[in-house]
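A.B. asks: Sequence:
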Amino acid sequence: MAEINFHPDDREMSTLELAKNLGIAVFVISVFEVMFYAMYLEGEVVLPLLCGAPLGLILVALLWQCVMHSFGYGRMVMNGNEIVLRTPRSGKSSPSILDPLARVILAPMARMYMRDMDKDGDGRLSFEEVLDEMGGLSKAEYAEIRKLFDRYDEDGDGYISLKEMEEFIKHSEDNWAEEEGSGNWWSSDGN
6 MAEINFHPDD REMSTLELAK NLGIAVFVIS VFEVMFYAMY LEGEVVLPLL
56 CGAPLGLILV ALLWQCVMHS FGYGRMVMNG NEIVLRTPRS GKSSPSILDP
106 LARVILAPMA RMYMRDMDKD GDGRLSFEEV LDEMGGLSKA EYAEIRKLFD
156 RYDEDGDGYI SLKEMEEFIK HSEDNWAEEE GSGNWWSSDG N
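Residue numbers (the numbering used here): 6 to 196.
Among the clues, some could well be false.
[Stated by the list, open to error] Here are the simulated DSS-like cross-link-like pairs (lysine-lysine), alpha carbons at most 30 angstroms apart as the crow flies:
| # | residue 1 | residue 2 |
| --- | --- | --- |
| 1 | Lys-152 | Lys-124 |
| 2 | Lys-124 | Lys-168 |
| 3 | Lys-175 | Lys-124 |
| 4 | Lys-144 | Lys-124 |
| 5 | Lys-168 | Lys-152 |
| 6 | Lys-175 | Lys-152 |
| 7 | Lys-97 | Lys-175 |
| 8 | Lys-152 | Lys-97 |
| 9 | Lys-168 | Lys-144 |
| 10 | Lys-97 | Lys-168 |
| 11 | Lys-144 | Lys-175 |
[As the list claims (entries may be wrong)] Using C-beta positions, here's what the derived DEER-type ranges look like:
| # | residue 1 | residue 2 | range |
| --- | --- | --- | --- |
| 12 | Pro-13 | Cys-56 | 35 to 41 angstroms |
| 13 | Ile-63 | Lys-152 | 38 to 44 angstroms |
| 14 | Gly-141 | Val-31 | 47 to 53 angstroms |
| 15 | Lys-124 | Ile-102 | 37 to 43 angstroms |
| 16 | Lys-25 | Leu-136 | 50 to 56 angstroms |
| 17 | Leu-52 | Phe-76 | 34 to 40 angstroms |
| 18 | His-176 | Cys-56 | 40 to 46 angstroms |
| 19 | Phe-76 | Lys-144 | 46 to 52 angstroms |
| 20 | Met-117 | Leu-55 | 40 to 46 angstroms |
Quick caveat, the hints were computed from the structure, so don't treat them as lab data.
As the structure is a computational prediction, the values presented were derived from the model and not from experiment.
Built from N, CA and C at the ideal position, the CB exists for glycine as well.
Work out the full structure, taking the sequences as your base and the hints as a guide.
C.D. replies: Spelled out as structure tokens, the structure:
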């Protein structure tokens, strides 16, 4: 099986710890499920049964994640106050049926940004124009903006063109596991 993508803030849970934490949630949801089903049986009114359906789906999802953890297809981790199932696909994007729509929206959005930020009207953004748009920055923010600028200045001419701006917008919502090369799955800011 492929390696599981863990976030730096993840703390892997043992099976006993998982049973303790999710066991309480499963028990509470099961109690409500039984109550809704009993109300349905008593009055033969469909509304309690419909109210219990989402809880049943949540229960199935929780149990399925526990099964995946038990059989080694993923690992349950504690991340802050959340219990999360991490798999080899965690944090990676997959093709969406909305990708063509994004391409239709991308070009006008990039033109709008270029029109707003391009002060000298040459059709390209210099690093100084980007800084003017950002306002007062700390040293860390300056370094991060410089790094992003250099990353998306594909031809290395010191300017962001319209095509490069489209790439920047397109990749601005990338997931955490694809942020850097294959040696390091995580971005430096811990997304």
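A.B. asks: Now tell me, hint by hint, if it's right for this structure.
C.D. replies: Verification of the hints:
no.	hint	in the structure
1	Lys-152 / Lys-124	holds (22 angstroms)
2	Lys-124 / Lys-168	holds (18 angstroms)
3	Lys-175 / Lys-124	holds (23 angstroms)
4	Lys-144 / Lys-124	holds (24 angstroms)
5	Lys-168 / Lys-152	holds (18 angstroms)
6	Lys-175 / Lys-152	holds (17 angstroms)
7	Lys-97 / Lys-175	holds (15 angstroms)
8	Lys-152 / Lys-97	holds (22 angstroms)
9	Lys-168 / Lys-144	holds (28 angstroms)
10	Lys-97 / Lys-168	holds (24 angstroms)
11	Lys-144 / Lys-175	holds (26 angstroms)
12	Pro-13 / Cys-56: 35 to 41 angstroms	holds (40 angstroms)
13	Ile-63 / Lys-152: 38 to 44 angstroms	holds (41 angstroms)
14	Gly-141 / Val-31: 47 to 53 angstroms	holds (51 angstroms)
15	Lys-124 / Ile-102: 37 to 43 angstroms	holds (39 angstroms)
16	Lys-25 / Leu-136: 50 to 56 angstroms	holds (51 angstroms)
17	Leu-52 / Phe-76: 34 to 40 angstroms	holds (37 angstroms)
18	His-176 / Cys-56: 40 to 46 angstroms	holds (42 angstroms)
19	Phe-76 / Lys-144: 46 to 52 angstroms	holds (48 angstroms)
20	Met-117 / Leu-55: 40 to 46 angstroms	holds (45 angstroms)
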